[in-house]
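Sequences listed follow chains W and C, in order.
For what it's worth, my numbering labels the leading residue of the first sequence as 1, then goes sequentially.
For what it's worth, my numbering labels the leading residue of the second sequence as 1001, then goes sequentially.
Quick caveat, the hints were computed from the structure, so don't treat them as lab data.
Careful, some of the hints might be misleading.
Calculated pairs, BS3-like style, for lysine-lysine (alpha carbon to alpha carbon, straight line, at most 27 Å) [unchecked claim]:
1) K1044(C) <-> K37(W)
2) K42(W) <-> K1044(C)
3) K104(W) <-> K1044(C)
4) K1009(C) <-> K71(W)
5) K71(W) <-> K1040(C)
6) K37(W) <-> K1036(C)
7) K1022(C) <-> K42(W)
8) K1022(C) <-> K1040(C)
9) K22(W) <-> K1040(C)
10) K22(W) <-> K57(W)
11) K1067(C) <-> K1022(C)
12) K1019(C) <-> K22(W)
13) K1022(C) <-> K68(W)
14) K68(W) <-> K42(W)
15) K1041(C) <-> K22(W)
16) K104(W) <-> K1009(C)
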Amino acid sequence: GENVEQHPSTLSVQEGDSAVIKCTYSDSASNYFPWYKQELGKRPQLIIDIRSNVGEKKDQRIAVTLNKTAKHFSLHITETQPEDSAVYFCAALNSGYSTLTFGKGTMLLVSP
Amino acid sequence: DTAVSQTPKYLVTQMGNDKSIKCEQNLGHDTMYWYKQDSKKFLKIMFSYNNKELIINETVPNRFSPKSPDKAHLNLHINSLELGDSAVYFCASSQDRQPQHFGDGTRLSIL
């Protein structure tokens, strides 16, 4: 089955800095990669996603890049703000099914 | 309008009891899921279900069973609860491999 590795497990940055979270996946047939943000005590919420026919996607301060050859994808957050503090999960969609395999999460702390 | 709603929000019970968590989605999605999030925040798929098939994560004990009375509902039944079952359980839904939408979670605590 699919295996998703996510790094780092914790990330502390100063407000205004950039943050990068990296994930690798094992199933070369996976073709959909969403990122979720989970604030304390709340549900995971989709913030951005990318499909395997695209190399990069941007939405305001958030961008995701995908390298299919290397089987890794990354989340980039620019001009971080304290409200960006949360746990971020990457995921990969298993080929042939609709089940997502999640990374173990990155706790991002943005200090004012 | 909550897209994916699950009840109860909190569930505190004794070891050995049987309990159920309900989930309903009003998005018209064809697939529903149950996830377990443990104390380390790791999200693990337990079940995936649409009107055609049930996909079970083989690591899930058979004390856990999903039941779907119709396309919009997927309930989770847990028999003989154990201490290790304490976690937050999330229901989710999706359509045609589109992004999954999560419910607000049910925090299960076993005494």
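Evaluation of the provided hints:
Between K1044(C) and K37(W), the direct Cα distance comes to roughly 16 Å. Compliance with the 27 Å bound is thereby established for this hinted pair. Proposed proximity of K42(W) and K1044(C) is supported: the alpha carbons are some 16 Å apart, at most 27 Å. For the hint linking K104(W) to K1044(C), the alpha-carbon distance of about 9 Å falls within 27 Å, and the restraint holds. Of the pairs offered as hints, the one joining K1009(C) and K71(W) is violated, with about 37 Å between alpha carbons and a cut-off of 27 Å exceeded.
Our distance criterion of 27 Å between C-alpha atoms is met by K71(W) and K1040(C), whose separation comes to about 25 Å. Under the criterion of a C-alpha separation no larger than 27 Å, the hint pairing K37(W) with K1036(C) is consistent with the structure, at around 16 Å. For the suggested pair K1022(C) and K42(W), the alpha carbons sit about 18 Å apart, so the restraint of at most 27 Å is met. For the proposed pair K1022(C) and K1040(C), the alpha carbon gap of about 24 Å is at most 27 Å, so the pair holds.
Taking the CA atoms of K22(W) and K1040(C), the gap is near 19 Å; set against the 27 Å cutoff, the hint holds. For the proposed pair K22(W) and K57(W), the alpha carbon gap of about 15 Å is at most 27 Å, so the pair holds. The suggested pairing of K1067(C) with K1022(C) holds, with an alpha-carbon distance near 9 Å, which does not exceed 27 Å. A distance of roughly 38 Å separates the Cα atoms of K1019(C) and K22(W); the hinted pair therefore is violated under the 27 Å criterion.
A C-alpha spacing of about 38 Å is found between K1022(C) and K68(W), which places the hinted pair above 27 Å, so the restraint is violated. Taking the CA atoms of K68(W) and K42(W), the gap is about 32 Å. The hint is violated against a cut of 27 Å. A threshold of 27 Å between alpha carbons decides the hint, and for K1041(C) with K22(W) the separation of about 18 Å falls inside it, so the pair holds. For the hint pairing K104(W) with K1009(C), the CA-to-CA distance comes to about 24 Å; that is within 27 Å, so the pair holds.
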